Amino acid sequence: MAVNDVEIAVPPAELVGLVGPNGAGKSTLFGVLSGLVRPLSGSVLLNGEDVTQASPQLRADRGLARTFQHPEIFGGLTVRQHLVLAHRTRVAKSRIWSDLFTLGSLRPTDPDETAAVDDLIDSLGLGPVADRFALGLPLGMSRLVELGRALATSPTVLLLDEPSSGLDSTETGEFEGTLRRIARDRGISVLIVEHDVELVMRLCPAMYVLDFGVLIAHGTPDEIRRNPQVRAAYLGEEASPGSDDGRTRPGRTIGGATEGDTDEVRPPTLIVENLCVRYGPAVAVSDASFSIERGQALALLGPNGAGKSSLARSISGLIPAAAGSVALSGRDITAATPYQIRRAGVIHLPEGRGVFRRLSVIDNLRMATAVLHGRQARRDAIDLAFELFPALAERRRQMAGDLSGGEQQMLSLARGLATAPTLLIADELSLGLAPILVDSVFEGLARARESGVTVLMIEQYVHRALAFADQCVVLQRGQVVWQGGTGTMDEDLLRHYLGESMTAVP
Amino acid sequence: MLQYILAGLALGSIYAIASAGLVITFVSTGVLNFAFGSMAYVVARFYYWLNTGHSWTTTDAGLMSLLVMAPALGIILYALLFRFVRNRSTLVKLVATIGLSVALPPLADLVFGVQTITTAPGLALSSDHPYHFLGAPVTTDQLITYGFVLLVVVAGTLILKLTRVGLYVRASVDSESMTSLSGTSPGRVAVGVWAVSTMLAGLAGILVAPTNGLTTAGMATLMAAAFAAVVAARLRSLAGAVAVSLAMGVVTDVVQEYLPPNSSFTAAIIPSIPFGFILIFLIIYLLRSGTVADEAQTGGPLDQAIRPANQDSSVPGLSPDSSTSRPSAVLSLLPLAVVAVVPLIFHGSPYWLGLVAAGMCYAIAFLSFTVVTGEGGMLWLSQIIFAGGGALAAAQFVTVWHLPVLLAIVLGAIAMAAVGAVIGLLTIRLGDLYVALVTLSFGLLVETLVFTLSRFANGGIGITLNRPAFAAGNLAFSYLALAVFLVFAGLILNLRRSTSGLALRAVRDSEAASRTLGVSVVQVKVIVGALGAFVAAVGGSFLALDAGVAQPQSYETFVGLVWLAVVVTLGVRSIAGAALAGLSFALLPGVFQTYVPTRWGSVPAILFGLGAISVARDPDGIVVHTGRQLRQLLMMVWPAVHRPPVPTTAHSSVQKVRT
Chain A
1 MAVNDVEIAV
11 PPAELVGLVG
21 PNGAGKSTLF
31 GVLSGLVRPL
41 SGSVLLNGED
51 VTQASPQLRA
61 DRGLARTFQH
71 PEIFGGLTVR
81 QHLVLAHRTR
91 VAKSRIWSDL
101 FTLGSLRPTD
111 PDETAAVDDL
121 IDSLGLGPVA
131 DRFALGLPLG
141 MSRLVELGRA
151 LATSPTVLLL
161 DEPSSGLDST
171 ETGEFEGTLR
181 RIARDRGISV
191 LIVEHDVELV
201 MRLCPAMYVL
211 DFGVLIAHGT
221 PDEIRRNPQV
231 RAAYLGEEAS
241 PGSDDGRTRP
251 GRTIGGATEG
261 DTDEVRPPTL
271 IVENLCVRYG
281 PAVAVSDASF
291 SIERGQALAL
301 LGPNGAGKSS
311 LARSISGLIP
321 AAAGSVALSG
331 RDITAATPYQ
341 IRRAGVIHLP
351 EGRGVFRRLS
361 VIDNLRMATA
371 VLHGRQARRD
381 AIDLAFELFP
391 ALAERRRQMA
401 GDLSGGEQQM
411 LSLARGLATA
421 PTLLIADELS
431 LGLAPILVDS
441 VFEGLARARE
451 SGVTVLMIEQ
461 YVHRALAFAD
471 QCVVLQRGQV
481 VWQGGTGTMD
491 EDLLRHYLGE
501 SMTAVP
Chain B
507 MLQYILAGLA
517 LGSIYAIASA
527 GLVITFVSTG
537 VLNFAFGSMA
547 YVVARFYYWL
557 NTGHSWTTTD
567 AGLMSLLVMA
577 PALGIILYAL
587 LFRFVRNRST
597 LVKLVATIGL
607 SVALPPLADL
617 VFGVQTITTA
627 PGLALSSDHP
637 YHFLGAPVTT
647 DQLITYGFVL
657 LVVVAGTLIL
667 KLTRVGLYVR
677 ASVDSESMTS
687 LSGTSPGRVA
697 VGVWAVSTML
707 AGLAGILVAP
717 TNGLTTAGMA
727 TLMAAAFAAV
737 VAARLRSLAG
747 AVAVSLAMGV
757 VTDVVQEYLP
767 PNSSFTAAII
777 PSIPFGFILI
787 FLIIYLLRSG
797 TVADEAQTGG
807 PLDQAIRPAN
817 QDSSVPGLSP
827 DSSTSRPSAV
837 LSLLPLAVVA
847 VVPLIFHGSP
857 YWLGLVAAGM
867 CYAIAFLSFT
877 VVTGEGGMLW
887 LSQIIFAGGG
897 ALAAAQFVTV
907 WHLPVLLAIV
917 LGAIAMAAVG
927 AVIGLLTIRL
937 GDLYVALVTL
947 SFGLLVETLV
957 FTLSRFANGG
967 IGITLNRPAF
977 AAGNLAFSYL
987 ALAVFLVFAG
997 LILNLRRSTS
1007 GLALRAVRDS
1017 EAASRTLGVS
1027 VVQVKVIVGA
1037 LGAFVAAVGG
1047 SFLALDAGVA
1057 QPQSYETFVG
1067 LVWLAVVVTL
1077 GVRSIAGAAL
1087 AGLSFALLPG
1097 VFQTYVPTRW
1107 GSVPAILFGL
1117 GAISVARDPD
1127 GIVVHTGRQL
1137 RQLLMMVWPA
1147 VHRPPVPTTA
1157 HSSVQKVRT
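Sequences listed follow chains A and B, in order.
Letter 505 of the first sequence, counting from 1, is numbered 505 in the numbering used here, and no numbers are missing.
Letter 553 of the second sequence, counting from 1, is numbered 1059 in the numbering used here, and no numbers are missing.
Be a bit skeptical, because a hint or two may be false.
Unchecked claim - A few chain B residues facing chain A, derived, Cβ under 8 Å: (1) R670; (2) L673; (3) R676; (4) S683; (5) S686; (6) N1000; (7) S1006; (8) R1011; (9) S1016; (10) R1021; (11) L1023; (12) G1024; (13) V1030.
It is worth saying that the hints were derived from the structure and are not from the lab.
For clarity, every value in this text was computed on a predicted model and none was experimentally measured.
Ideal Cβ placement from N, Cα and C applies to all residues, glycine included.
Start from the sequences, fold in the hints, and give me the full structure.
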């Protein structure tokens, strides 16, 4: 279940924000509101009318418009055509089929339509690209095109899904201004889903906070800022205060330093230089540089959407680097494929249950140990995994997809720890876990590090990550804005970079 | 009864082997292989060449074909083609494999020699006697078939469940990116899968040859039946596909016991059984969930998260046609102007003028792909059936009601448009691939049920359809066809530039966004389906006019696949592309027949096939591609002519328009 028992009201002509961590169910909720996803129960009222059973088309007719998190633009239409089509769906809908028989392409354009479209193009600043095909427009432009398309249907309610994600700070600023102006001029009710909490707090007089599909708070930005539950969801307040990070408990060594622990000078395990990562036109990471010494741990911090996971994926080869270089123990691996990088000793535990869902637990581990040479080595590694996580041994024949979230993360971690990697990339391993499981995740990572494995961690539990790691890199909108030893990171810096809501201390 | 069941099980076993081969490549590489029948043909042809031509023993020839030649073929095809189509759109995957299926058999004939093979040997010795099981005779061929399907099922299950290789395959089906993060190359897994799939194709081909004949048509029938099982198994379930195949085989043979032997009714019912299976299963799925999607987007959340970074944007139709700017509009008229003078060029030679006239008729029929696939984004494989249906209907109107021929053509086309609208309505909730498969089997069904009726077939010679008196000569007829072509081209231009066209492109580019915008997908798709069927029917009628006779066997569904391949090669979104495709489809074979030794007569087919394969590299087709190059040239020579507006943002340097 992605969303449960949520109640949200958007008053006429008002901006309302909806925030929540990754996977909180925000986009699913939008799907339900726009009619693309059917709710199991509950109802959606539009201008007082029940539209729960209505199709997306019908809701559009009644004045609902939306944008998408990943812009769903029509690549084969020009920017102006986007607006023209949207305008006609509202004003002259029958033309969609009647134009075929009445030679609609020869019909002179309606002056009212041209005026309305031109007005929109001007007010969104789309003039220079109006007659360009939308395919290949930069992301910021695509978002404006989507916004324009939505506005051209003269909606009464506008849903904006992550309007600022993938934009840099200048673009976000411009978008914010445009949005403010439009809401004021046109008197449209707007519901914004955003990961950028600060942006929502600046824009919206009222906001809601969603976590794991449940509304945990609503009120004015100030009220939200003070709400302890919200801080827990974002900051991940230390769930069991005072608990050690697990370094003290000795365990069987995991290996990793098997190739002889000589003291000769070695290059750092990982050197990242000027790395850029892109998803099509969207820039995820630009110009990131840092390095990790052998056996050290680095915490990669930053608000949602800052580019942490993209950076990790680029290091492990899943996304080709757009520019820059990555070197592992002095060897350049920038252009290598993911499986070559895995064989070189990097194991990446991806965000969100990095397991093969339709394979059994034991098969997952067999896949993980496939890089080892020799039957005995593989068997030992699997035994080690079961020793580290006895709970998995009991479920060895179960499909990984049927395990609980915590068990799946265990399995993911077991994959990483059993094979003695050189570098372990742990992406949000503790996301969505019960406190006690979070402890064991950190415990496992600590063991790995003790045995010489270098760790790159992405963590939502900022303070625990800082206590665990030696170094810290802070990303903001794809750029490294701070790096240094974790000892020198203090609350002020944290608050400055990660935002008030994420780091405020009671 | 038992006898029929045993025979049905043998037939079902062959289907099962084929459908297993189709399912494993689909789940692990996302490609539904339309070249499967041709691959089966090539391996079976190689086996025949060794066994009959070079007197190898059955065992030697079988081992050589299945364990050496088939895997090698699979690996070569992977290296040349399949690895390039992985992240392409369904249309490109489809067309590339159709192209392969067109090119492979003539290539094999070039190597092994063209030969009409009347009786193909199976894997049994020819001299043996049937065994008896509970009184029912069982031939050695049947026993061997049972043995192989058992071997495939048991060995397949064991390998998949117990070995490391099987683990890699299952893992890459589950998530490709997770597999590569585990240090296993998904490419290497895919090579293995293609090798195994080709082995299964070869095995099915060798086994089916004694009954279906060692012909491409026989192999196509096998593939069509296997497709039915694959659809029934929702494209993904290996066990389901095998079970449905066996059931289909048994039903096919058991039904024969209750049908009158040697009647036309029986001859029509038997081949339609696979279609019946498709229909029943699709209805069940639709009733249960309301929609049947492809699930072609394989993989877990990680694969989906990184897809936008790795996928290139070259989906056909996504790269915009710049018909809005003046210089390129002139450029796009250029090929049409060339086409218009072609009949005059060949005025002196009746042979060539005849081919040109045929080419013009093909051009009309090919425009239906421009409407349905190019503008509508729908993968319909039954356009040739509408063409044939239009021609047959027109011939009926003329002979029975004595209507003027042009009026008869229009009436026939209207009837086909109604059929097209119905098909459009029925397939509205299906994913692209299902639409392709459903229209394909619809075509095969009409071909076996309707086109064989003696009213249309007239004992194989067809019904006469004479040209109107004013266009009896080839030159006049060419220009009549050209005029009709231009009328439809105008209609398509109107469609493209009007609100309907905007809505169609919107639906094609993003269905979610269109729906939330209030654009109705249903209306648009039904209209386009009807229009496409209308155009196809007129084109088909003109082909009949050109030949002077409406003959059902000129409109076979699998020939329609070649049509599609030719059109897509030259550009499915371009009107000029359709014209050139029609002309080259008619003229190229003529060129080869006239100027090249007969041995090389099959080269045009190979060229068309290879052209379609090249679509995997550039999905826009040759005409659009060349047009782009011409435009670039023009821009270099005369830069002021055509300068695309450039966005004036800080990020304009980031984006790069695909050239």
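The hints, checked one at a time:
no., hint, in the structure
1, R670, "7 Å, holds"
2, L673, "6 Å, holds"
3, R676, "6 Å, holds"
4, S683, "6 Å, holds"
5, S686, "4 Å, holds"
6, N1000, "5 Å, holds"
7, S1006, "5 Å, holds"
8, R1011, "4 Å, holds"
9, S1016, "4 Å, holds"
10, R1021, "4 Å, holds"
11, L1023, "6 Å, holds"
12, G1024, "3 Å, holds"
13, V1030, "6 Å, holds"
The earlier numbered hints are all upheld by this structure, with none contradicted.
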